[in-house]
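Novice: If you read the sequences in order, they're chains F and D.
My numbering numbers the first residue of the first sequence as 1 and each following residue consecutively.
My numbering numbers the first residue of the second sequence as 1 and each following residue consecutively.
Simulated from the structure, these hints should not be mistaken for laboratory data.
One thing to keep in mind: the hints can contain errors.
[Said to hold, decoys possible] Here are the simulated PhoX-like pairs of lysine-lysine, each with C-alpha atoms no more than 25 Å apart in a straight line:
| hint | chain 1 | residue 1 | chain 2 | residue 2 |
| --- | --- | --- | --- | --- |
| 1 | F | Lys60 | F | Lys11 |
| 2 | D | Lys117 | D | Lys23 |
| 3 | F | Lys11 | D | Lys110 |
| 4 | F | Lys65 | D | Lys74 |
| 5 | D | Lys76 | D | Lys2 |
| 6 | D | Lys110 | F | Lys20 |
| 7 | F | Lys41 | F | Lys52 |
| 8 | D | Lys76 | F | Lys65 |
| 9 | F | Lys60 | F | Lys41 |
| 10 | F | Lys41 | F | Lys65 |
| 11 | D | Lys2 | D | Lys74 |
| 12 | F | Lys41 | F | Lys11 |
| 13 | F | Lys41 | D | Lys110 |
| 14 | D | Lys23 | D | Lys2 |
| 15 | D | Lys114 | D | Lys133 |
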Amino acid sequence: MIKARVTVTLKNGVLDPQGKAIEGALGSLGFSGVGHVRQGKVFDIELESADKAKAEEDLKAMCEKLLANTVIENYTIALD
Amino acid sequence: MKSAVVQLPGLNRDRDMIAALTKISGNAPVTVWQTETVIPDDVDLIVIPGGFSYGDYLRCGAIAARMPVMQAIKEKADRGVKVLGVCNGFQILVEAGMLPGVLMRNSSLKFVCKEVKLEVVNAETDFTRAYEKGQIIRCPVAHHDGNYFVDADTLASMEDSGQIVFRYAEGTNPNGSLNDIAGVMNRSGNVLGMMPHPENLIEAAHGGNDGRGLFASALDVVAASA
Chain F
1 MIKARVTVTL
11 KNGVLDPQGK
21 AIEGALGSLG
31 FSGVGHVRQG
41 KVFDIELESA
51 DKAKAEEDLK
61 AMCEKLLANT
71 VIENYTIALD
Chain D
1 MKSAVVQLPG
11 LNRDRDMIAA
21 LTKISGNAPV
31 TVWQTETVIP
41 DDVDLIVIPG
51 GFSYGDYLRC
61 GAIAARMPVM
71 QAIKEKADRG
81 VKVLGVCNGF
91 QILVEAGMLP
101 GVLMRNSSLK
111 FVCKEVKLEV
121 VNAETDFTRA
131 YEKGQIIRCP
141 VAHHDGNYFV
151 DADTLASMED
161 SGQIVFRYAE
171 GTNPNGSLND
181 IAGVMNRSGN
191 VLGMMPHPEN
201 LIEAAHGGND
211 GRGLFASALD
221 VVAASA
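Chain D on its own, in the form it takes in the complex (with noise of 0.2 Å):
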């Protein structure tokens, strides 16, 4: 099992993202940068982190998901590659349109970074296995455009084929997002995107690991595949 961290201007999390994967799956992911067209063959998890891609100029996401790189993570994706993009990430999976919907200023205007509460809304998914339906995790956010918007059509049969993956626990959203979304994955199943950030809560030194899941769920499924 072989992962890629893709890395853009900007972007501020991915050393989190590289420690992460490294200490769950044992061997350290390849880094990719924007400009690059090809990635490695043998690489079946390729993710996306957070930051501020492009200093989130026009819209957040909007130009790093026009780069080079974003062709080649497509045509991956298209053959199955799982792909996970985390805050910024799952900004510019919308962008460039990989999953439905967009992710618009939080309704309150300000920047949240803070603990927030995850339900599991379906965990028959490549990157959910490894929690139970319905189960609340812990999971830190921080953002400032979070807030999941999609029109009326979409998001009833986006509910209706379970691409609604993650929700912010009763009382806990943060941003103002549409029926409390918090993480969403693509018919295919096999591209997730969500705000928060689950590589910030997987080790005891972190306070806390249900992040860990996510992650083992989306390595162990890979390796049982191979």
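Only chain F is shown next, with the shape it has when bound in the complex (with noise of 0.2 Å):
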């Protein structure tokens, strides 16, 4: 079994108003010297395939069809 990480970022330039009430959140809690803060998605997926490169293919698959919207996002693939 393969397990991967699928990690989703908006894009630079989106705006992120969860990230902005975040970094705002931390200041107030006393974190000082925090810079931007975005806010993303982790998927962990268990494949069944022993087949990396299969394994790779379908997650981007699986990224570009449902998991991000390229549109505004951003994804990167890691496998176990």
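With the hints in hand, could you dock these two chains into one complex?
Specialist: Written out as structure tokens, the structure is:
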């Protein structure tokens, strides 16, 4: 079995009001020196196949079709 | 003229939409469930109503946009059938790639439920010909993710080709939408998505009927061409 981690993040230049709110909250909790905060998503996905090349190809298709909205989001795929 | 209303788990404005279409056209729309792959041939207007399909999981409209019924709707739209998406329906249409752009979390991070004013930017569409260009109409909004965003090149071409149909009138943008965009259509002009709810302002009992013109436009034009 292959375990994969897909990370989806907002593209540069796309406003992230949630990240901004978290940035403000960190400041009000007393954490000084916090720069920009951007919020993203992490998906841990188990794949039955043992073929890493195939897994990578499938994960890429999953990202393009569902996991990320490529109008505003980038994704990275890491295999265990 | 026949209309259809799409139903998906988690949508909750389908009844309002069915009531509006029934009152304005005199005929009840057919309802289409998410797993259906065939939409009746005599349907001229398909409406995807508002709500919270699939609990807004992953991204608003993302999962609904990949349901079998959407393929059937795409095929109909390609053949010129009119498609209207309101609120979650708009989010589903952008996720399905039938309209450009994306709807992000409101810039205030708050759910907004209030009345706004809309400017009719393009009154020469099948959905807006009952209005006049520049007319300001009242319309309710109720959403958490209505902050329209699209890349600069696409935005410029949409502005040039009249694809921006509604804007929030000055000072009433409730969500931080780029260029105050409230509703957009595809290039061929038969698919419209909008965040505000025209179906909730169609008769005196609602406190006004400014939303009626949208349905009257879509339904009248269909009747005229039939």
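Novice: Is the hinted pair lysine 110 of chain D and lysine 20 of chain F satisfied, with a Cα-Cα distance of at most 25 Å?
Specialist: 14 Å, holds
Novice: Would you check the hint for lysine 114 of chain D and lysine 133 of chain D, treating anything up to 25 Å between C-alpha atoms as holding?
Specialist: 24 Å, holds
Novice: Hint check: lysine 76 of chain D vs lysine 65 of chain F, CA-CA at most 25 Å. Holds or violated?
Specialist: Given pair lysine 76 of chain D, lysine 65 of chain F holds - Cα atoms ~21 Å apart, limit 25 Å.
Novice: With a cut-off of 25 Å on the C-alpha distance, tell me whether lysine 41 of chain F and lysine 11 of chain F pass.
Specialist: 13 Å, holds
Novice: What's the verdict on lysine 117 of chain D and lysine 23 of chain D, does the C-alpha distance respect the 25 Å limit or exceed it?
Specialist: 24 Å, holds
Novice: Going straight from one Cα to the other, do lysine 41 of chain F and lysine 65 of chain F come out at no more than 25 Å?
Specialist: 16 Å, holds
Novice: Holds or violated: are the alpha carbons of lysine 76 of chain D and lysine 2 of chain D at most 25 Å from each other?
Specialist: 14 Å, holds
Novice: Has the given pair, lysine 23 of chain D with lysine 2 of chain D, been kept, meaning a C-alpha gap of at most 25 Å?
Specialist: At roughly 13 Å apart (the allowed maximum being 25 Å), lysine 2 of chain D and lysine 23 of chain D satisfy the hint.
Novice: Given the hint that lysine 60 of chain F pairs with lysine 11 of chain F, does the C-alpha gap stay at or below 25 Å?
Specialist: Answer holds: lysine 60 of chain F to lysine 11 of chain F is near 17 Å, not above 25 Å.
Novice: Given the proposed pairing of lysine 60 of chain F with lysine 41 of chain F, does the C-alpha separation stay at or below 25 Å?
Specialist: Given that 25 Å is the threshold and the Cα spacing comes to 16 Å, the pair holds.
Novice: Holds or violated: lysine 2 of chain D with lysine 74 of chain D, Cα cutoff 25 Å?
Specialist: Distance ~18 Å between lysine 2 of chain D and lysine 74 of chain D Cα, so the pair holds.
Novice: Could you grab the alpha-carbon distance between lysine 65 of chain F and lysine 74 of chain D and see if it respects the 25 Å cut-off?
Specialist: Between lysine 65 of chain F and lysine 74 of chain D the Cα gap is close to 16 Å, so the pair holds against 25 Å.
In summary, the structure agrees with every hint in the numbered list given earlier.
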